[in-house]
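J.: Listed below, chain by chain, are the residues.
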Amino acid sequence: MADPILAIRNLNKSFGALKATDDVSLDLRHGEIHALIGPNGAGKTTLIHQISGSLKPDAGRIEFMGADVTGLSLSQRARSGLGRSFQISSLALEFSALRNVMLAVQSYQGSSFRFFKPVMRDASLIDPAMAVLERVGIADRAHVAASELSHGERRKLEIAIALAMKSRAFLFDEPMAGMGPEGSKQLTTFLDELRGEAPILLVEHDMDAVFALADRISVLVYGRVIASGTVDEIRSDPEVRRAYLGEHAE
Amino acid sequence: MNRSIPVNVVLALLPVGIALGAVAFDEPFFVTLATRMAILALAATGLNLALGLGGLVSFGHAAFFGIGGYAAGILATHALYMQPILTWPVEIGGTDSMPAIWLVAVVVAGLVALGTGAISLRTSGVYFIMITLAFAQMIYYFAISWPAYGGEDGLSVPTRAVFPGVNTATPMGFFAVCYGALLVGVTIFAILRASRFGAALQAARQNETRLAAVGIAPFRIKLVAFVLSAMLTAVAGALFADLNRFASPSMMSWQMSGELIVLIILGGTGRLFGPVAGAVLFVLIEHLLGGATERWQLFLGLILLGVVLFARGGMVGLLAGKPRHG
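Here the protein sequences line up with chains A and B, keeping their order. Quick note on numbering: numbering that gives the first Met the number 0 labels position 136 of the first sequence as 135, and the sequence is numbered without any gaps. Quick note on numbering: numbering that gives the first Met the number 0 labels position 11 of the second sequence as 10, and the sequence is numbered without any gaps.
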């Protein structure tokens with residue numbers, strides 16, 4: 000088995016007396032979707048924040064593509080190919096959907112210290128951005144301000160931005176949240192195909208999607224990974240059933 | 000459909016109209032007012048880069064305005080008395096050439112902005128406002144405690160600096176230089192806003208986390224914007240000293256910083272011609288109401304209150320509607 004693209008080793012993070020991340024170790028391998036599940040408040044988003052670089056862990060190590068990225072900032076990790084979406088959509092709200100994606104294309108292409116050429120006449124930014132919007136199915140909304148997009152469209156825009164960065168691995172924090180059954184189904188199909196391009200660490204509450212997509216599942220409770228394995232192993236794990244799954248496991 | 004183009008054309012021509020009208024009606028004082036409008040609009044255009052595009056509410060831009068003013072005053076004084084400013088390691092003399100003065104103003108203001116910005120931009124929100132104010136006050140007190148250049152009394156500019164091909168001693172000649180500088184400043188603002196840098200800067204205002212999450216470090220973008228912003232404002236300061244033939248410490252006072260912010264809010268934050276609209280309105284209010292009552296600033300306050308409560312986009316927003324972002 001090849002080395003994992005993303006390796007998290009003994010990560011720890013406390014907020015005061017609260018241990019939000021308790022000695023977590025996880026791998027993300029090439030071509031897989033690794034789902035991270037757990038009850039509310041288990042520390043899933045806190046973990047994603049540490050992996051993406053917006054929070055510093057107290058201890059532990061994060062390796063991405065063989066390099067130690069623990070000391071890198073959010074923007075440095077993003078540039079090295081770690082793309083993330085946010086649990087609560089985080090967009091440049093005054094910009095159109097297209098311009099939100101163009102920002103990612105611009106970052107991927109290199110320097111933002113270019114002062115002369117107007118971006119709206121720059122086909123090298125617009126064309127790849129449009130192509131990505133097309134792919135996630137919101138090309139017809141390209142010129143609508145992000146603030147005026149529907150919830151579902153914003154979720155798709157978040158994914159479009161991560162795609163435009165040509166990320167080598169994705170961290171998706173509840174991409175299905177609030178999407179409705181139809182939207183969730185579409186997105187499930189989409190993510191299913193996406194894993195071939197880059198592996199996905201997926202935080203998700205929608206168990207149908209998780210069971211349909213995940214190659215492996217890790218269960219986080221009180222900041223601790225209580226179980227990690229294939230879908231079948233997790234479904235039949237008595238501790239997981241007691242702590243979290245309940246009726247989902249049937 | 001897009002009303003911003005005609006509105007911008009009208010605003011761009013407004014100072015010229017006032018200056019030409021003043022000549023036609025033989026009211027030379029209005030040429031001075033139009034010049035004052037152009038200079039304040041240029042200073043506010045500089046601030047608009049940081050505040051309007053980047054959301055960086057600098058409450059210390061008067062420092063850069065004053066640095067420009069003192070650059071003009073100090074260089075012109077040395078040129079007049081033919082005293083070198085520096086004798087070692089190389090001899091540097093004064094100058095009364097505007098381009099040379101602007102270059103000095105831009106370089107000094109840029110370096111000061113780089114230093115103060117690198118510290119200030121580690122904070123945000125109210126703390127950023129306060130720390131920029133603190134730096135500006137430090138520079139202000141430095142100026143008033145420097146007896147060689149006038150201290151609290153300020154520094155008179157013995158002769159107005161010259162510009163190649165223009166007689167800056169005449170009101171219209173000087174107005175032409177100031178107005179030309181304003182147009183160049185507005186053009187720089189427009190080009191920057193449309194560029195990749197401008198896209199990143201505007202994203203930094205809207206959502207800094209989003210900018211970082213696509214891989215662009217917000218700090219460096221904001222720092223460069225802060226420096227460019229200071230440079231434009233410094234050129235305006237040099238012109239302001241030439242207009243008044245006086246570099247006053249009050250150019251660096253916090254009231255001046257506040258005035259620049261007020262201009263932008265009145266005109267339209269982040270709008271291309273917002274500072275022009277704001278400066279025209281401000282100077283007119285100052286002149287018309289200031290002639291009628293000493294308490295004209297009360298009315299300015301009421302107008303500002305009206306804009307903030309009922310016309311958040313300022314005058315440009317009122318006339319041209321909301322800005323569009325591709």
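Hints are computed from structural coordinates only; laboratory data are not their basis. Remember, predicted model here, so these are calculated numbers, not experimental data. One or more of the hints may lead you astray.
For each label pair, taking beta carbons as the anchor points, the in silico distance ranges come out as [stated by the list, open to error]: (1) Ala168/B to Lys116/A: 37 to 43 angstroms; (2) Ser146/A to Met137/B: 56 to 62 angstroms; (3) Val307/B to Asp57/A: 19 to 25 angstroms; (4) Gly320/B to Gly109/A: 18 to 24 angstroms; (5) Gly114/B to Lys116/A: 55 to 61 angstroms; (6) Thr169/B to Glu147/A: 51 to 57 angstroms; (7) Ala130/A to Ala23/B: 55 to 61 angstroms; (8) Gln254/B to Leu17/A: 23 to 29 angstroms.
Backbone N, C-alpha and C define an ideal beta-carbon position, used for all residues, glycine too.
J.: Look at each hint and say if it fits the structure.
T.: These are the hints, each one checked on the structure:
1. Ala168/B to Lys116/A: 37 to 43 angstroms: holds (41 angstroms)
2. Ser146/A to Met137/B: 56 to 62 angstroms: violated (40 angstroms)
3. Val307/B to Asp57/A: 19 to 25 angstroms: violated (44 angstroms)
4. Gly320/B to Gly109/A: 18 to 24 angstroms: Because 35 angstroms falls outside the window, the suggested range is violated.
5. Gly114/B to Lys116/A: 55 to 61 angstroms: Once the Cβ atoms are compared, 30 angstroms apart, the range 55 to 61 angstroms for Lys116/A and Gly114/B is violated.
6. Thr169/B to Glu147/A: 51 to 57 angstroms: holds (53 angstroms)
7. Ala130/A to Ala23/B: 55 to 61 angstroms: Holds, since Ala130/A and Ala23/B (Cβ atoms, about 58 angstroms apart) stay within the stated range.
8. Gln254/B to Leu17/A: 23 to 29 angstroms: Since Gln254/B and Leu17/A have Cβ atoms about 48 angstroms apart, the given range 23 to 29 angstroms is violated.
Consistency note: the structure conflicts with the earlier hints numbered 2, 3, 4, 5, 8.
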